[in-house]
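Student: Here's the letter readout for the chains.
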Amino acid sequence: MSEKKYKIQDIRNIAPVDLLSQVRDIKDDGYRFVQLCGTKKEEGYEILYSFDKEHVLLNLRLIISDEDEVESITKEYWPAFIYENEVHDLFDITFKHNALDYGGNFFKTAEPYPWK
Amino acid sequence: MGKRTIIPFGPQHPVLPEPVHLDLVIEDETVLEAIPSIGFIHRGLEKLVEKKEYTEMVYVIERICGICSFGHGWGYCAAVEGAMNIEVPDRAEYLRTIWHELGRIHSHLLWLGLLADGFGFESLFMHCWRVRETILDLFEETTGGRVIFSVCKPGGIRKDIDADTLSRMVKTLKDLKKDIKELTDVFLNDTSVKNRLCGVGVLSKADAEELCAVGPVARGSGVVQDIRLAGEGKYDDIGFEPIIETGGDSYSRCKVRIREVFQSIDLIERAAEMIPEGEISVPVKGNITGEFITRMEQPRGEAVYYAKGFDGDKASRHLERMRVRTPTNMNIPAMVKTLQGCDLADVPMLVLTIDPCISCTER
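Residue numbers (this note's numbering), protein chains in the order written: chain A, 1 to 116; chain B, 1 to 363.
In short, the hints are calculated from the structure, not lab data. Cβ atoms here follow ideal geometry from the backbone N, Cα and C, with glycine treated the same way. Some hints could be false.
[What the hints assert, rightly or not] Simulated coverage check for chain B against chain A, where a stretch passes if three residues somewhere in it have a Cβ under 8 Å from a Cβ of chain A:
no., stretch
1, 284 to 297
2, 323 to 335
[Stated by the list, open to error] Covered, in the sense of this in silico footprint (three residues per stretch, anywhere, with C-beta under 8 Å from a C-beta of chain A), are these stretches of chain B:
no., stretch
3, 30 to 40
4, 230 to 243
5, 260 to 268
6, 302 to 316
[What the hints assert, rightly or not] With a Cα cut of at most 30 Å, we get these calculated DSBU-like pairs of lysine-lysine:
no., chain 1, residue 1, chain 2, residue 2
7, B, K47, B, K285
8, B, K159, A, K41
9, A, K7, B, K52
10, A, K4, B, K159
Build out the structure end to end from the sequences listed, making use of the hints.
Tutor: Laid out in structure tokens, this is it:
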């Protein structure tokens, strides 16, 4: 019996400098943007990008330091602005050239953020 | 040219059950742009993985949403099971599928009621929620809860449903079809309702794909996208085909949800016929390592669950990261697009037709 599609875990580690070119290729291949999420590591952060084609996920993983800024992918996938603003507000990661940058005002919370 | 004005819409508004804020840039009565902002009910639930063990975290994840709580619990457990390479017994997968579809019926009926309330048809709203009560009764009978169910756990489920109760559930749902048909005929055929929905908020197939829309919003625009085609559960075995409408307007999105209510009843019926005897869970012990990303087709669309344990010596009973990406996150860009150029009076309808769940979105 063939493996079920949802069990395929394709997670590729890439360098921050390759992000935009990889995302451009993924878009050209007809993938749909699914999500991005940040994870706090002891040193820096991990960012996971997910894309879907015919119900199979392709994931890109970036490891960045506390000071690094990340290129926005909103030029390729405009809906990513939601996630980039969310990750900026909650983790204090800066995305350069975000097509819709809320300047830290996307989340409105009673407690000060970001939480690290 | 009229004067441009910005109207704040929400976070408190009669049509919004949950708080989201839109800055509507209008000229005369036409919306030129809508700028969303959220964060009014952010609860930091994902961060609670630092305090709760992976076996306890399911109770937190279920509380992300009071409507699709079963699906969230299942999605979380599936991600943990994937990371730990756990095979769940078939019977548990069938029962999860049945409860998940029951949740879809309840969610869509709730949404239909809210839509009726939105266009001022109060009696229709009450009838939708009256019928929905029967679904909640079925949940209560089989899980003990009407909102939070706590039947999913890593490795399977906590409660079985005996054959008599299953057949009674199927009979109740079959009997309910007549009531639901009467209700939904009003949504589909009543002239005053159609005036509020037909041709309003059109999202083309190309736009739905470009904006990465999910769930009934995408399927109402002709996009064949439903994670039940390739995801968790027993949908392969019981036979499943997604429901697609091509109009792209509010009426199409409404029609997709109505057809899905009837489809879910049929799916439950088939699952109840095919469910095998056997165990309902396997023991899950030890620390969690590894990572797994999985998806569920929630009533509002695709939801993503990502569980990541600590590696090596740091492995423990806590996850390093639990990520839930809910369908409304993905449909906000589509909502912003459909609002551009609409009449101010149609804004509440358009916001409602993506079935926004802000509790889910903010976690």
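Student: If a hint holds in the structure, say so; if it doesn't, say that too.
Tutor: Tested hints:
1. Note: the stretch 284 to 297 of chain B has 5 residues with beta-carbon separation from chain A under 8 Å; the three-residue rule is met and the coverage holds.
2. Against chain A, the stretch 323 to 335 of chain B contributes 6 residues with a C-beta closer than 8 Å to a partner C-beta. That satisfies the three-residue criterion, and the hint holds.
3. Residues of the stretch 30 to 40 of chain B lying with their CB closer than 8 Å to a CB of chain A number 4, which satisfies the three-residue condition for coverage.
4. Residues of the stretch 230 to 243 of chain B lying with their CB closer than 8 Å to a CB of chain A number 4, which satisfies the three-residue condition for coverage.
5. Look at the stretch 260 to 268 of chain B against chain A: 0 of its residues bring a Cβ nearer than 8 Å to a Cβ of that chain, fewer than three, so the hint is violated.
6. Residues of the stretch 302 to 316 of chain B with a Cβ under 8 Å from some Cβ of chain A number 4, which satisfies the need for three, so the listed coverage holds.
7. About 23 Å separates the Cα atoms of K47/B and K285/B, which keeps this hinted pair within 30 Å; it holds.
8. The suggested pairing of K159/B with K41/A is violated, with an alpha-carbon distance near 38 Å, which exceeds 30 Å.
9. Restraint check: the Cα-Cα separation between K7/A and K52/B comes to about 26 Å, which is no more than 30 Å; the hinted pair holds.
10. At roughly 26 Å between alpha-carbon atoms, K4/A and K159/B fall within 30 Å of each other, so this suggested pair holds.
Of the hints listed earlier, those the structure fails to meet are numbers 5, 8, in rising order.
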